[in-house]
Amino acid sequence: MTQPITHTIYKGGGVRIAGAYGAHRKAVELGLLDNLQATAGTSAGGLMAALVAGRYSMDEIGQIVTRINFPSFKDGWDPFEEFTKLGLYSGRTLQRFVESLIAPKAGKPFATFADIRDAGWLDLHVVATALNLRDYIVFSADTTPTVIVSEAIRASMSIPLFYGAYRLSQGSTYTYLDGGVVNNYPLTLFDGPAPNPQVLGFFLHNPNPAPPFNVELNAESIALNTFESMLDAQDAHVLRTPSLLNRSVVIDTQGISSTDFNITADQVTALIASGETAMANFKLLL
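Following this note's numbering, the numbering of the sequence shown begins with 1 at its first residue and continues without gaps.
Since the hints were derived computationally from the structure, they do not count as laboratory data. Small disclaimer: the values here were computed from a predicted structure and weren't measured. Ideal Cβ positions, reconstructed from N, Cα and C, are used throughout, including at glycine. Some hints could be false.
[Claimed, not checked] Listed next, with one range per pair, are the computed distances between beta-carbon atoms:
hint: 1; residue 1: N281; residue 2: P4; range: 17 to 23 Å
hint: 2; residue 1: P145; residue 2: A273; range: 36 to 42 Å
hint: 3; residue 1: R67; residue 2: E29; range: 33 to 39 Å
hint: 4; residue 1: G120; residue 2: V28; range: 16 to 22 Å
hint: 5; residue 1: D260; residue 2: L285; range: 29 to 35 Å
hint: 6; residue 1: G192; residue 2: Q234; range: 20 to 26 Å
Take the sequences, apply the hints, and build the full model.
Here is the structure:
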């Protein structure tokens, strides 16, 4: 990678967002992102992309990712939600959290993609799964200028059956699920006929074979483990495709599940360090 990096991609990683932060922070320290123009991501990766696009400092992002109260996102539990809204939890706390991060850099919590472009953000792209299309959709200032950014991110983070399927308040009549269902790592988003050498991806991955998971016979456990299976299946494609792998900083997730809402402070610290190490090693290959 001899050309300047102009675009960054963040894989969906749930509670492991700290790993992407560590790698990104190291890339900034190395001066690799001085020419950054656009960011993109799926699910929690979409949130990370928004923080970068909104020009949060590395210290500010560090404070955010190390203080996230993940258990609070399991809000409004109601077994009847599973049947009436296709999810066990409401996701309202998650949405308010995202709104609180958009507001300081956009001037209002319900800023649209057109608003953040006018506010001087980097070009932000967020990937979600559109059930009506049976495919993914990309929210951005060019494609969906009237969509509220916090809602696009919330849609992108709609873990199937865990959170209810999501509909935007304006700008679309589609029903959305987590972008990871179809495209958890949208590295090719800015490619043309050939791979774009100015794209750098942050790829969260557990390189060690995982022991059998304890799947309890309840709706939450089955929903989360089904979702994790979808994500794992996509990793194999990246790891065996050179045009994807040689543009990806592979971050060891230390065996932590993306849906481990009980992640500890020590694990968050370990993920940050793992991201920094991955970026430093990747730099040696450039």
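(request) Could you work out which earlier hints the structure fails to respect and list their numbers in ascending sequence? (result) As far as the earlier hints go, only 3 is violated by this structure.
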